[in-house]
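K.L.:
Can you make the complete structure from the sequences, with help from the hints?
The residues making up each chain are set out below.
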Amino acid sequence: MSPNPIGSRVEQLAQSLAEHIVPLIVDAIDIDAILDKVDVEKIIERVDVEKIVERVDVQQIIDRVDVQQIIERVDINAIVDKIDIDALVEQTELGSIIARSTTGILTEVLDVIRAQGVGLDDFILRWGNRLIGRGKKVADWPQGPPLLVAPKAIAPS
Amino acid sequence: MTTVPVPSPALTVGRQGNYAGAVSRLAAFAADVGASWGLYTLGVALLNAAIKLVIGHSYTLTNHQLVAFIVLTVWEFLYFTYQWAVSGKTLGMAILGLQVVTAQGGPISGRQAVFRTIGLGITLFLTLGIGFLGIVFQRDRRALNDFIAGTAVVYDWDARAARLRWIARKEGTPAGASPLKEHGV
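Those protein sequences? They're chains A and B, same order as listed. The first sequence maps to residues 0 to 156 in numbering that gives the first Met the number 0. The second sequence maps to residues 0 to 184 in numbering that gives the first Met the number 0.
There could be a bad hint or two in this list.
[To be verified] To give an idea of the interface, some chain A residues facing chain B are shown, with a C-beta separation under 7 Å as derived from the structure:
id : residue
1  : I42
2  : I43
3  : R113
4  : G116
5  : D120
6  : L130
7  : G134
8  : V137
9  : W140
10 : Q142
11 : P144
12 : P145
[Unchecked claim] Straight-line Cα separation of at most 20 Å, DMTMM-like style, residue types lysine to aspartate or glutamate; simulated pairs:
id : chain 1 : residue 1 : chain 2 : residue 2
13 : A       : K136      : B       : E75
14 : A       : K81       : A       : E71
15 : A       : K135      : B       : D139
[To be verified] Pair ranges (Cβ atoms, derived):
id : chain 1 : residue 1 : chain 2 : residue 2 : range
16 : A       : I96       : B       : N47       : 38 to 44 Å
17 : B       : I50       : A       : V88       : 25 to 31 Å
18 : B       : A29       : A       : G134      : 25 to 31 Å
19 : A       : R133      : B       : T72       : 57 to 63 Å
20 : A       : P145      : B       : A29       : 25 to 31 Å
21 : B       : A67       : A       : V108      : 34 to 40 Å
22 : B       : L71       : A       : D85       : 34 to 40 Å
23 : B       : Y81       : A       : A149      : 55 to 61 Å
24 : B       : V70       : A       : S100      : 38 to 44 Å
25 : B       : V32       : A       : K81       : 40 to 46 Å
Since the hints were derived computationally from the structure, they do not count as laboratory data. Quick reminder that beta carbons are idealized off the backbone N, C-alpha and C, glycines included.
P.N.:
Written as structure tokens, this is what we have:
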């Protein structure tokens with residue numbers, strides 16, 4: 000309170016006036032009518048969201064979140080109970096996935112076996128002919144039947 | 000500018016349509032002998048069971064060796080001839096990725112399939128396998144039975160594919176640079 004007694008009384012008067020007048024003014028204002036007049040779209044357009052986002056310290060927010068506490072509050076068993084596993088399995092076509100992956104593995108295995116065979120074929124051909132002194136001639140032999148393999152280009156001498 | 004080591008053409012060029020070598024063919028033949036023998040044994044067992052069911056007592060082919068020999072010979076003849084005539088490959092050849100074609104590279108006829116099977120018997124039993132040496136020492140890698148039937152055996156899978164994957168991991172072929180595309184058969 001002010002040390003001056005006149006000042007103090009004026010202050011009290013103003014206080015009591017404000018207490019009576021402000022509610023009257025507030026009641027008289029039609030906030031809905033004001034809001035109707037506000038062009039929210041225009042305000043949104045003027046807001047620079049990028050600038051706001053830049054000012055937000057996301058890392059700080061993340062640091063404040065206690066993930067452990069959230070996890071503890073989640074009832075995982077209740078969630079799992081709600082999942083219809085049978086329907087999920089039906090939708091994922093597990094059978095076709097298994098079939099596809101099995102086919103893939105078999106193809107890989109077959110490729111490996113065949114590739115080993117091809118490597119050994121070359122080895123036997125090379126060394127067999129080298130043993131009888133025809134090692135270099137083998138390189139000029141046709142790779143396959145004429146309809147399946149293009150004839151080798153003859154290098155200019 | 001850096002140079003990336005590229006595997007040799009012998010390792011990367013696609014082999015589809017190339018003459019097949021001795022090891023692949025031998026492995027395919029071994030698989031066929033196993034498959035045909037297994038099917039024969041199964042057939043004989045089923046036949047025995049059927050006979051026992053009808054006449055009451057068992058009748059085993061092993062007690063009649065001449066009949067068993069004839070049945071086995073006919074069965075082996077049918078096994079190879081039918082498959083070669085229909086698709087140009089037997090079960091073993093399909094596993095190893097091989098195909099029988101004419102000497103020129105076309106599909107073989109039923110007649111050639113018959114001659115090839117007869118030739119196979121001749122090469123196996125009359126020449127005691129010496130006729131197979133042509134696969135290693137002959138220009139067209141053809142065995143005696145191939146000459147009798149006018150056929151050849153080629154790889155019918157893209158042998159390059161499996162090999163390339165290995166090589167790519169080891170040596171790192173440059174991405175997109177494939178010296179193989181021009182060799183598509």
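K.L.:
For each hint, tell me whether it holds in the structure or not.
P.N.:
These are the hints, each one checked on the structure:
1. I42: Constraint on I42/A not satisfied, violated at 52 Å.
2. I43: Violated. Min distance 47 Å.
3. R113: holds, 5 Å
4. G116: holds, 4 Å
5. D120: holds, 2 Å
6. L130: violated, 10 Å
7. G134: violated, 12 Å
8. V137: violated, 9 Å
9. W140: W140/A check passes; min Cβ-Cβ to chain B is 5 Å, inside 7 Å.
10. Q142: Cβ of Q142/A sits 5 Å from chain B, so the hint holds.
11. P144: holds, 3 Å
12. P145: holds, 6 Å
13. K136/A with E75/B: Roughly 37 Å separates the two Cα atoms, so the pair is violated.
14. K81/A with E71/A: holds, 19 Å
15. K135/A with D139/B: Within the cut-off at roughly 16 Å; holds.
16. I96/A with N47/B: 38 to 44 Å: Between I96/A and N47/B, where Cβ atoms are some 43 Å apart, the hint holds.
17. I50/B with V88/A: 25 to 31 Å: Because 48 Å falls outside the window, the suggested range is violated.
18. A29/B with G134/A: 25 to 31 Å: holds, 28 Å
19. R133/A with T72/B: 57 to 63 Å: Cβ of R133/A to Cβ of T72/B: about 37 Å, so the range 57 to 63 Å is violated.
20. P145/A with A29/B: 25 to 31 Å: holds, 30 Å
21. A67/B with V108/A: 34 to 40 Å: With Cβ atoms ~36 Å apart, the hint holds.
22. L71/B with D85/A: 34 to 40 Å: violated, 52 Å
23. Y81/B with A149/A: 55 to 61 Å: Taking Cβ atoms as reference, Y81/B and A149/A lie about 33 Å apart, which means the hint is violated.
24. V70/B with S100/A: 38 to 44 Å: holds, 42 Å
25. V32/B with K81/A: 40 to 46 Å: violated, 59 Å
The earlier numbered hints that this structure contradicts are 1, 2, 6, 7, 8, 13, 17, 19, 22, 23, 25.
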